[in-house]
Structures are given as structure tokens and as C-alpha cells.
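For the sequence shown, the working numbering begins at 1 and goes up steadily by one.
If you're looking for bench data, these hints aren't it; they were derived computationally from the structure. Worth double-checking, as some hints may not be accurate.
[To be verified] Simulated crosslink set (BS3-like; lysine-lysine; CA at most 30 Å straight-line):
#1 K272 <-> K231
#2 K27 <-> K15
#3 K34 <-> K7
#4 K169 <-> K272
#5 K27 <-> K16
#6 K169 <-> K13
#7 K172 <-> K156
#8 K231 <-> K169
#9 K172 <-> K7
#10 K287 <-> K13
#11 K270 <-> K169
#12 K231 <-> K156
#13 K272 <-> K172
#14 K34 <-> K16
#15 K31 <-> K16
#16 K280 <-> K231
#17 K10 <-> K31
#18 K7 <-> K169
#19 K16 <-> K287
#20 K169 <-> K287
#21 K31 <-> K15
#22 K13 <-> K172
#23 K162 <-> K231
#24 K13 <-> K27
#25 K280 <-> K7
#26 K7 <-> K31
#27 K162 <-> K280
#28 K15 <-> K280
#29 K31 <-> K13
#30 K272 <-> K287
#31 K7 <-> K156
#32 K280 <-> K270
#33 K156 <-> K169
#34 K34 <-> K169
#35 K231 <-> K130
#36 K287 <-> K7
#37 K10 <-> K169
As the structure is a prediction and not an experimental result, all values here were calculated from the model.
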Amino acid sequence: MFEVVIKLWKDGKSKKAISRAVNHDVKTVRKIIKLYEQQVTSGVSYKQRTSKLDNYHQTIQELIEQGLSNIRIFEELQPVGYIGSYSSLTLFTRTLKNDPKICVRFHSLPGEEAQVDFGDVGRLPNAQGKVTRGYIFNMRLCYSRLDYYEIVFDQKVETFIKCHINAFKYFKGVPRRVKIDNLKSAIIEASFYEPVYQNLYASLSAYYGFTIIPCRVRKPQEKGKVESGIKYIQNNFFAGRNFTEHQAMVIALRNWLDNYCNQRIHGTTKEKPAILFATKEATILQKLPEQDFMALSKKLCKFRNRLYIKV
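Based on the provided sequences and hints, a complete structural model is requested.
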């Protein structure tokens with residue numbers, strides 16, 4: 001989260017706006033910005049600090065479960081080699097303590113954020129005519145609730161990227177932020193401070209100009225809009241339908257998406273997503289680049305002693 005907060009801060013966002021974006025209180029955002037400013041002044045790497053904390057993850061968790069305060073945890077860690085600051089420890093323990101089970105509804109500005117997720121939709125016919133496990137990709141614009149759905153048969157990073165590209169083309173624009181759960185197709189290692197993104201997904205983000213906002217671990221409700229979008233299509237499109245041919249299924253999905261899903265009166269906004277999008281959000285989205293993103297993946301290969309390359 002550190003990287004996201006600092007990027008939004010550099011983009012000129014207020015601390016309050018950043019707090020809403022990352023779903024943490026303003027005090028936490030202030031502390032992260034203060035740590036960043038200290039990092040710039042002292043030349044000490046924030047990643048170095050967090051790696052020291054990560055080494056004590058299990059110990060800290062056990063001390064929290066015993067009911068120890070942050071200052072007591074700090075005192076317990078020092079004799080076993082911890083040399084980090086108390087403020088870094090305080091930020092770290094916030095991620096391990098159980099939050100009250102209160103759900104807060106987050107409101108987004110036009111063009112500000114989209115949420116994405118995969119959902120399991122059972123066994124479906126693929127393009128080769130084979131019935132296999134299918135998934136639904138959903139990207140939902142948070143302001144208008146305009147949905148994009150796509151049926152896929154794996155959750156690989158290349159598929160995830162292709163779905164993003166298709167969603168942006170469907171919206172004819174790009175939101176400023178994309179909120180994701182800690183999907184393996186996007187995040188290699190989930191972390192409060194510095195999530196490790198898939199190289200391809202990070203490149204996609206840079207190419208289209210959106211900021212990746214990962215949910216906190218075990219906090220899927222932070223992307224509640226798209227969570228409800230997955231349930232909605234499961235209950236309103238797939239339920240009671242039996243598809244035997246892939247192309248017919250794809251056509252039926254697009255017809256349902258354009259003529260029913262995005263034309264219904266949404267329960268929260270009390271407006272049709274397509275109309276709200278057209279009147280308030282379409283022109284606010286970032287423009288699409290002239291060419292689609294090219295997903296070039298890197299692979300490690302072994303060769304024999306003699307290698308010939310034919311051009």
C-alpha cells in the first residue's frame with residue numbers, strides 16, 4: 001500500500017482522498033507520507049524497513065494474540081534483534097489486528113475507479129466444443145455501475161490482461177484506478193506495504209495509465225461492488241440456462257449485458273447504469289491509447305551447447 005499512497009500523493013491527491021482510495025483512515029495515510037518524507041531525507045529505503053518487520057511476522061502475530069500493546073511488542077522484539085522504528089511497527093501491527101466487522105459503503109467519483117474479479121460459473125462449452133470449468137470476468141465502473149462481463153476458461157495473467165483490454169474497449173476509456181483482490185493473475189505476493197505485481201500486469205497498468213489498488217488480505221468486501229456483480233450474473237444470467245454451444249453462449253451474454261444488465265434500474269443509484277455512464281462518466285474516463293497493449297511474457301529457457309537462430 002505504501003507505493004500506492006505515495007503515487008496518489010505525488011499525483012496531487014489530498015490525504016482524505018487517498019484515505020478513501022485505499023480504505024484506510026487519514027492517520028495511517030499521514031504516517032505513510034511522513035515515513036516517505038523521512039526516507040527521502042535520510043536515504044533509508046522503506047522496503048528495507050518492511051523486510052525487517054516481515055522477518056518477525058509470526059512473533060508479532062503471537063504477541064498480538066496474547067493481548068500485548070504495541071509498545072510491549074516493541075520491547076519484546078528489541079532483545080531478539082529488531083532494529084526498526086516504533087512507528088514502522090505500529091503501521092505493521094495494524095494489518096494483523098482484527099478490525100470490527102463493520103462494512104462501510106465507499107462512493108467514487110465519475111471515472112475514478114473500477115473493480116475487477118473472477119467468479120466460478122460451473123462447466124461450460126469452450127470454443128473447441130469441450131465442456132470444461134468456466135469463469136466469469138467482471139469489471140464494474142464504481143460510479144455508474146456499468147458492467148463488462150467476459151466468459152473465460154482459466155485465470156492466467158494473459159487472460160486477465162486480455163479481459164482488461166476488452167473491458168476498456170467496451171467502456172471506450174480507462175478509469176484512473178482499478179481495485180483488485182489478491183488474484184494470482186495480478187499479484188505474486190500480497191503485502192500491506194509493497195505488493196509484488198505480475199510484471200505483465202504492472203506493464204498494463206503503466207501503458208493504460210491506471211493505478212492498481214489491491215484489497216487488504218482477507219478483506220474482499222473492499223471491492224463489494226464487483227463482488228455483487230459476480231453474484232448478479234450468477235443469479236440472473238447463468239441460473240436456469242443450459243448452454244451447449246460456445247458462440248451462442250457468448251452472443252446471449254452480450255445481448256443480456258447490453259439490453260438488460262446495463263439497462264436495469266440499479267438498486268443503489270436508482271438509475272440505469274448505461275444512462276448514468278453516458279451522461280456523467282463516459283467523457284471523464286482517460287482516453288484509450290491508439291494501439292492495444294501487447295502482452296509479451298518472459299520465459300526462462302534451456303538450450304544445448306550449439307544454438308542456431310534462424311531469422
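These are the hints, each one checked on the structure:
1. K272 <-> K231: holds, 18 Å
2. K27 <-> K15: Since the Cα atoms of K27 and K15 sit roughly 9 Å apart, the hinted pair holds (cutoff 30 Å).
3. K34 <-> K7: holds, 14 Å
4. K169 <-> K272: Measuring from Cα to Cα gives roughly 20 Å; hence the hint holds.
5. K27 <-> K16: holds, 10 Å
6. K169 <-> K13: Measuring from Cα to Cα gives roughly 27 Å; hence the hint holds.
7. K172 <-> K156: Status holds; Cα separation ~24 Å.
8. K231 <-> K169: Holds - the C-alpha atoms of K169 and K231 are around 24 Å apart, at most 30 Å.
9. K172 <-> K7: holds, 25 Å
10. K287 <-> K13: With a Cα-Cα distance of about 20 Å, the restraint between K287 and K13 holds, given a limit of 30 Å.
11. K270 <-> K169: holds, 26 Å
12. K231 <-> K156: holds, 22 Å
13. K272 <-> K172: holds, 18 Å
14. K34 <-> K16: holds, 15 Å
15. K31 <-> K16: holds, 13 Å
16. K280 <-> K231: holds, 26 Å
17. K10 <-> K31: Roughly 15 Å between the alpha carbons, so the hint for K10 and K31 holds.
18. K7 <-> K169: holds, 25 Å
19. K16 <-> K287: With Cα atoms ~26 Å apart, K16 and K287 stay inside 30 Å; holds.
20. K169 <-> K287: holds, 10 Å
21. K31 <-> K15: holds, 11 Å
22. K13 <-> K172: Holds, at about 25 Å.
23. K162 <-> K231: holds, 22 Å
24. K13 <-> K27: Answer holds: K13 to K27 is near 15 Å, not above 30 Å.
25. K280 <-> K7: Within the cut-off at roughly 26 Å; holds.
26. K7 <-> K31: holds, 15 Å
27. K162 <-> K280: Roughly 27 Å separates the two Cα atoms, so the pair holds.
28. K15 <-> K280: This hinted pair holds, its Cα atoms lying about 25 Å apart.
29. K31 <-> K13: Roughly 16 Å separates the two Cα atoms, so the pair holds.
30. K272 <-> K287: holds, 23 Å
31. K7 <-> K156: Holds, at about 27 Å.
32. K280 <-> K270: holds, 14 Å
33. K156 <-> K169: Since the Cα atoms of K156 and K169 sit roughly 20 Å apart, the hinted pair holds (cutoff 30 Å).
34. K34 <-> K169: violated, 39 Å
35. K231 <-> K130: holds, 25 Å
36. K287 <-> K7: holds, 20 Å
37. K10 <-> K169: holds, 28 Å
Hint 34 from the earlier list is the only one contradicted by this structure; the remaining hints agree with it.
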